[in-house]
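Heads up: the protein sequence lines correspond to chains D and H, in order.
So in my numbering the end of the first sequence lands on 941, straight run, no missing numbers.
So in my numbering the end of the second sequence lands on 593, straight run, no missing numbers.
For the record, the hints were derived by calculation from the structure and aren't laboratory data.
Possibly wrong hints are sitting among the right ones.
[Unchecked claim] Some, not all, of what chain D presents toward chain H, calculated at C-beta under 10 Å: (1) Q864; (2) A869; (3) D924; (4) G932; (5) G934.
No experiment lies behind these values; they were computed from the predicted model shown.
For every residue, glycine included, the Cβ atom is placed at its ideal position computed from N, Cα and C.
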Amino acid sequence: GQSLEQPSEVTAVEGAIVQINCTYQTSGFYGLSWYQQHDGGAPTFLSYNALDGLEETGRFSSFLSRSDSYGYLLLQELQMKDSASYFCAVRVFMTTDSWGKLQFGAGTQVVVTP
Amino acid sequence: DGGITQSPKYLFRKEGQNVTLSCEQNLNHDAMYWYRQDPGQGLRLIYYSQIVNDFQKGDIAEGYSVSREKKESFPLTVTSAQKNPTAFYLCASRTTGDGYGYTFGSGTRLTVV
Chain D
828 GQSLEQPSEV TAVEGAIVQI NCTYQTSGFY GLSWYQQHDG GAPTFLSYNA
878 LDGLEETGRF SSFLSRSDSY GYLLLQELQM KDSASYFCAV RVFMTTDSWG
928 KLQFGAGTQV VVTP
Chain H
481 DGGITQSPKY LFRKEGQNVT LSCEQNLNHD AMYWYRQDPG QGLRLIYYSQ
531 IVNDFQKGDI AEGYSVSREK KESFPLTVTS AQKNPTAFYL CASRTTGDGY
581 GYTFGSGTRL TVV
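Between the sequences and the hints, there should be enough to build the whole structure, so can you do that?
In structure tokens, the structure reads:
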């Protein structure tokens, strides 16, 4: 079967750096995505890694190691508005759709304190 | 502005009643999806559609039905056969181009009493 593991909660102070790890077990792997969701809101797309390495977009960076089935999301210079849930999602092969599908982890609640 | 509109935001229904959740997009996306979100769990795929008049079951389709009569619209019906329908329902769409991200609606929180 397929599984994704990420921590349930991380707490940090404003200005700090937080790393959210995601390990996965899946077949037909295409890439790893990250989404942010504020309480009761719509998940928003943050990043997608198909190849090994680090992708940087402003204060957020995402990393993938395909050989280790592992990735992480790095949040730098934390701000209060970064308090949200962060989901990793693997894009995997699907027989009925050539694009594949997204399989989501359970999410990591990031709590930023003053 | 382009986006996905889900309505209503909150919905209450009595047990045994069918209920339809609306999802409309003006992004000109071909693929659309319905996910269910429960507390402490990730998003689980209910149904998806790649083109008009075609849709496929996801991982937890039992007790749900959909239609795709127009590109812009992908309504989800939660039937009385769904044993535990109280949840947060999210609709999403995706371009068939090179983008790798889904665009999500703001969700409908369904409570069955």
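The hints, checked one at a time:
Contact between Q864 of chain D and chain H, as hinted, is supported at the beta carbon level, the nearest pair being about 8 Å apart and thus within 10 Å. Look at A869 of chain D: its Cβ gets to within about 4 Å of chain H, closer than 10 Å, so that hint holds up. Given hint, D924 of chain D at the interface with chain H, holds; its Cβ is 6 Å from that chain's nearest Cβ, closer than 10 Å. Interface restraint check: G932 of chain D against chain H, minimum CB-CB distance 5 Å, threshold 10 Å, status holds.
Below 10 Å, beta-carbon pairs count as interface contacts, and G934 of chain D has one with chain H at about 6 Å; its hint therefore holds.
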